[in-house]
Amino acid sequence: MRLSMDLELQDIPGQLMQSLEPFKEYKGNIISVVHHRDRKTPRGTVPVQIVFEIDPSNIDNVKKHLEKNGIVVVRAGEDRFIEEVSVLLIGHVVHTDLGDTINRIDSTGFAEVEDLSLRMPGIDEPSSAYMRIRATGKEEIGTSLSILRKVGAEKDLLVIEPIEAEKI
Amino acid sequence: MREVRISLVGFGIVGHGVLEVVRRKRELLKKTGLDLKVVSVTDINGTLYDQNGIDPQMLHGARTLEGIANMDIIGKEAIQEVDSDLVVEVTPTNIVHGQPGLGHIEEALSQGKHVVTSNKGPLVVAFNHLKELAQENGVMLKYEATVGGTMPLISLIEKNLVGNDIRSIRGIFNGTCNYILTRMMEEKYTYSYALTEAQELGIAEADPTYDVDGIDTAGKVVILANSIFGMDAKYDDVQVTGIKDVTSEALNLAWERGYLIKLIGDVPALKVKPMLVPRRSPLAVGGTLNVASIETDLSGTITVTGLGAGSIETASAIVSDIVSIYTSRQIDA
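Sequences listed follow chains S and H, in order.
Residue numbers for the first sequence follow the numbering used here, so the first one is 1 and each next one is one higher.
Residue numbers for the second sequence follow the numbering used here, so the first one is 169 and each next one is one higher.
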């Protein structure tokens, strides 16, 4: 069964090797490893995506082993969400029910908000939210962006989309 | 040597630049077989005429023609009366009614004079009408300086990329907005502080609405839509969002995730709005620079960047247009 995992590694030597070791131990066949050294998280960790084939009964063992090695497993499972897009919202993001905004995307079933960062400079001042949305395909990314545009109009938020998304 | 008698209509920052560039480059341009001669300059005070060509040094640094004009005619009347081959129209722009430039360009084309302009207003209001008028009268209308200033965009597409289908043009077409967003990101300035700084440096106008609300960018989007994509777009067809609601916190949040926020004009989508631009994208230029990415079917995506405004820079685009009119085969045939 083909599965994928999103990991976060410390930026120190030997981490990548350590993250691959459990796959060898539980007879996983690694298809690809993408090491996003240029996209460090605000926590200073390096995101790594691994796609592999493995007997599904071993996936929990791999996860436990990784966590024992001090590696953060952000997500593990079927590689359902293959597309992603970054969006920024500016305005009264929190007071216009941020939970509801996220839920409008999550409730579609084909897309999810997977990463969220907030900046709140002060009471009554507009705040900003960065979110990364993952979805099952390009069309679903497009639909998610239309939903956000609609939410933005309703809640008086400025929705800033990435330039690549226009081609979708 | 072909003598080109030029009437300059409008004597503001760009008008001064045109006089200066023609003076500096007159000898060099003779190599193209052209002798450019500005025979008249017109502003609201009147017209200064000299059939031997006006030397800007004669003006002793005067900013207007008050007390210098030797003919008491302005506007359309001046275009009619002065014997010239080509009119350079550089009066202040108005994208609601296009005047006074629209009337000036109509008059010049009807008189069988070529027109080169940096004035967006007339083209936003009546592009197709003016193009037809030029064709009916067997003359050319050139307007490279209206979009992206000195950055070659329209001529690049019409000449060098001929044969390509142009799928889209997206870019930063307003140096003032780019400057403000760059400073807010780099120095963590608030919007109003960055705007004040831009005003003190002469990068933003006292009334910045035209730039920061995206109106200027939308005008350029209309010109590109009509000239490159053969559309019949009007200003009201463009969906416009300006940069006033962008905060420095949002810019910094975007930066941490690998993005910049830029005011992007998009043709033929007819949209102007702040967008996330990847930090390593060729569109990620800072300061007052303009940039455009042209997506084509044969040549892939081509990106050009350059200064979008300034007296000498805009005048340079105008002079290139003048030379191209007389060196293009269409006219020789």
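Certain hints may be false.
As the list claims (entries may be wrong) - Simulated pairs of lysine to any residue, SDA-like, Cα-Cα distance not exceeding 20 angstroms:
id, chain 1, residue 1, chain 2, residue 2
1, S, 150, H, 441
2, H, 439, S, 142
3, H, 441, S, 77
4, H, 439, S, 6
5, H, 412, S, 45
6, S, 24, S, 40
7, S, 150, H, 263
8, H, 439, S, 57
9, H, 439, H, 263
10, H, 441, S, 95
11, S, 155, S, 118
12, H, 441, S, 147
13, H, 412, H, 467
14, H, 356, S, 77
15, S, 40, H, 423
16, S, 40, H, 373
17, H, 412, H, 436
18, S, 40, S, 57
19, S, 64, S, 84
20, H, 356, S, 117
21, S, 150, H, 417
22, H, 198, H, 231
23, S, 150, S, 121
24, H, 356, S, 121
25, S, 40, S, 64
26, S, 64, S, 20
27, S, 155, H, 423
28, H, 356, S, 149
29, S, 150, H, 329
30, H, 439, S, 121
31, H, 412, S, 40
32, S, 63, S, 45
33, S, 150, S, 99
Stated by the list, open to error - Okay, the calculated bits of chain H under chain S, using three or more residues with CB under 8 angstroms as the criterion:
id, region
34, 425-432
35, 437-444
Hints in this document: simulated from the structure, not taken from any laboratory.
Quick reminder that beta carbons are idealized off the backbone N, C-alpha and C, glycines included.
Status of the hints after comparison with the structure:
Restraint check for residue 150(S) and residue 441(H): the C-alpha separation of about 16 angstroms stays at or below 20 angstroms, so the hint holds. Of the pairs offered as hints, the one joining residue 439(H) and residue 142(S) holds, with about 17 angstroms between alpha carbons and a cut-off of 20 angstroms not exceeded. Restraint check for residue 441(H) and residue 77(S): not satisfied, since their Cα atoms lie roughly 37 angstroms apart, outside the 20 angstroms limit. In summary, the hint linking residue 439(H) to residue 6(S) is not supported, as the alpha carbons are separated by about 36 angstroms, beyond the 20 angstroms threshold.
Annotation: proposed proximity of residue 412(H) to residue 45(S) is violated, straight-line Cα distance about 34 angstroms (limit 20 angstroms). Between residue 24(S) and residue 40(S) the alpha-carbon distance is near 26 angstroms, which puts this suggested pair outside the 20 angstroms criterion. With a C-alpha separation of about 30 angstroms, the suggested pair residue 150(S) and residue 263(H) falls outside the 20 angstroms cut-off, and the hint is violated. Simply put, residue 439(H) and residue 57(S) have alpha-carbon atoms about 51 angstroms apart, too far for the 20 angstroms limit, and the pair is violated.
Using a Cα cut-off of 20 angstroms, the hinted pair residue 439(H) and residue 263(H) holds, with the two alpha carbons roughly 17 angstroms apart. For the proposed pair residue 441(H) and residue 95(S), the alpha carbon gap of about 24 angstroms is over 20 angstroms, so the pair is violated. At roughly 17 angstroms between alpha-carbon atoms, residue 155(S) and residue 118(S) fall within 20 angstroms of each other, so this suggested pair holds. A distance of roughly 18 angstroms separates the Cα atoms of residue 441(H) and residue 147(S); the hinted pair therefore holds under the 20 angstroms criterion.
Restraint check: the Cα-Cα separation between residue 412(H) and residue 467(H) comes to about 36 angstroms, which exceeds 20 angstroms; the hinted pair is violated. Between the alpha carbons of residue 356(H) and residue 77(S) the distance comes to roughly 40 angstroms, so the proposed pair goes past 20 angstroms and is violated. Between the alpha carbons of residue 40(S) and residue 423(H) the distance comes to roughly 12 angstroms, so the proposed pair stays at or under 20 angstroms and holds. This hinted pair does not check out: residue 40(S) and residue 373(H) have alpha carbons roughly 40 angstroms apart, beyond 20 angstroms.
For the hint pairing residue 412(H) with residue 436(H), the CA-to-CA distance comes to about 24 angstroms; that exceeds 20 angstroms, so the pair is violated. In summary, the hint linking residue 40(S) to residue 57(S) is not supported, as the alpha carbons are separated by about 31 angstroms, beyond the 20 angstroms threshold. Simply put, residue 64(S) and residue 84(S) have alpha-carbon atoms about 27 angstroms apart, too far for the 20 angstroms limit, and the pair is violated. Taken as a hint, the residue 356(H) and residue 117(S) pair is honoured in the structure, with Cα atoms around 18 angstroms apart against an allowance of 20 angstroms.
Between the alpha carbons of residue 150(S) and residue 417(H) the distance comes to roughly 23 angstroms, so the proposed pair goes past 20 angstroms and is violated. For the given pair, residue 198(H) sits about 28 angstroms from residue 231(H) by alpha-carbon distance, which is inconsistent with the 20 angstroms threshold. Simply put, residue 150(S) and residue 121(S) have alpha-carbon atoms about 25 angstroms apart, too far for the 20 angstroms limit, and the pair is violated. Restraint check for residue 356(H) and residue 121(S): the C-alpha separation of about 12 angstroms stays at or below 20 angstroms, so the hint holds.
Pair hint residue 40(S) plus residue 64(S) does not hold up; C-alpha atoms about 24 angstroms apart against a cutoff of 20 angstroms. A distance of roughly 13 angstroms separates the Cα atoms of residue 64(S) and residue 20(S); the hinted pair therefore holds under the 20 angstroms criterion. With a CA separation close to 25 angstroms, the supplied pair residue 155(S) and residue 423(H) exceeds the 20 angstroms bound. Our distance criterion of 20 angstroms between C-alpha atoms is broken by residue 356(H) and residue 149(S), whose separation comes to about 27 angstroms.
About 38 angstroms separates the Cα atoms of residue 150(S) and residue 329(H), which puts this hinted pair outside 20 angstroms; it is violated. A C-alpha spacing of about 30 angstroms is found between residue 439(H) and residue 121(S), which places the hinted pair above 20 angstroms, so the restraint is violated. With a C-alpha separation of about 30 angstroms, the suggested pair residue 412(H) and residue 40(S) falls outside the 20 angstroms cut-off, and the hint is violated. Among the hinted pairs, residue 63(S) with residue 45(S) is consistent with the structure: their alpha-carbon atoms are about 18 angstroms apart, no more than 20 angstroms.
Under the criterion of a C-alpha separation no larger than 20 angstroms, the hint pairing residue 150(S) with residue 99(S) is consistent with the structure, at around 16 angstroms. Look at the region 425-432 of chain H against chain S: 5 of its residues bring a Cβ nearer than 8 angstroms to a Cβ of that chain, three or more, so the hint holds. Check on the region 437-444 of chain H: 5 of its residues sit with their Cβ under 8 angstroms from a Cβ of chain S, so the three-residue criterion for coverage holds.
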